[in-house]
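K.L.:
If you read the sequence shown in the UniProt record's numbering, its first letter stands for residue 1, the second for the next number, and so on.
No lab work stands behind these hints, which were simulated from the structure alone.
Predicted model only: the values in this text are computed from it and were never measured.
Ideal Cβ positions, reconstructed from N, Cα and C, are used throughout, including at glycine.
Quick list of the computed label-pair ranges, beta carbon to beta carbon: (1) A187 - L24: 35 to 41 Å; (2) E53 - R216: 20 to 26 Å; (3) K45 - G165: 36 to 42 Å; (4) K25 - C299: 31 to 37 Å; (5) D191 - R22: 45 to 51 Å; (6) S51 - D191: 19 to 25 Å; (7) K25 - T289: 44 to 50 Å; (8) K208 - R18: 24 to 30 Å.
Taking lysine-lysine and the DSS-like style, the derived pairs with C-alpha atoms no more than 30 Å apart in a straight line are: (9) K200 - K298; (10) K94 - K45; (11) K176 - K208; (12) K274 - K200; (13) K208 - K274; (14) K208 - K239; (15) K197 - K239; (16) K245 - K38; (17) K197 - K245; (18) K298 - K176; (19) K172 - K94; (20) K172 - K274; (21) K200 - K245; (22) K298 - K38; (23) K25 - K45; (24) K239 - K190; (25) K239 - K298; (26) K274 - K25; (27) K45 - K274; (28) K197 - K172; (29) K94 - K38; (30) K176 - K190; (31) K298 - K197; (32) K208 - K197; (33) K197 - K274; (34) K245 - K298.
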Amino acid sequence: MRIRREREQNTSTPTKRRTPLRRLKVSPRLPVPDHIQKPPYVGSKLLPEISSEFQIHDEEGIARMRAACQLAARVLEYAGTLVRPSVTTNEIDKAVHQMIIDNGAYPSPLGYGGFPKSVCTSVNECMCHGIPDSRQLQDGDIINIDVTVYLNGYHGDTSKTFFCGNVNDAAKRLVKVTEECMERGIAVCKDGALFRKIGKRISEHAEKFGFGVVERFVGHGVGTVFHSEPLIMHHRNEKPGSMVKGQTFTIEPILTLGTTECITWEDNWTTLTKDGSLAAQFEHTILITATGAEILTKC
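When you get a sec, could you build the whole thing from the sequences and use the hints?
P.N.:
Here it is as structure tokens:
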């Protein structure tokens, strides 16, 4: 009952009415120089299957993962500086694309299962996988920018939700708690820890504030393959299995002010909350160590 009352408070009518998202013009796919190494899925419109192999690395692999993840972190930090009213998500995509290729890397989303852009930009009620287009950011928006780079055969994956101009208190609280949930999920990780502890810790914190935790989208193993087992559930679950030293995967919870039910546009990517309420997400790629987890995508 307490959670229900808090959820009703969280979803009360905002002081400034938002215009619902709609699909606008998507600019042409940006080119990548021939000399840049490309992931195996580029050139196919089929969505790659989730690899069943865990991403566990030797010292050389860990070094390459660190390099890819640090580049992703720098790109994300740069992308955040571009967030302001009147900027389009197309413009953010173009700038991110250029920085990635200037550093000799490939933007992993580009061409993944036919995805047409180099970054995901998810605004307001968009849970994830937003395709950059001609929409101008508005004062009071929140936007998740999800960056993945492919460098020397390894993917580094990270995302963050940014404020555009003056954001209301409900949105600020949602974003703050979402980041805290990610951090609490990371805090339980170490060699031998159970995967299901991540979802338990995230759910406990989100429920204190009456926020929903989206079950449909999960974290994943990442390394030489973009998406692999283990799939990391962010809600309470009984998933078997435990973490292994040298393993890399993402933790990327999505929280909502209202329902966790979603709808996906005909582009098969853009996914919104069914009731139009705000959603926020944060993501890090982590490396499991003997005593904890190293956050590889932290600047």
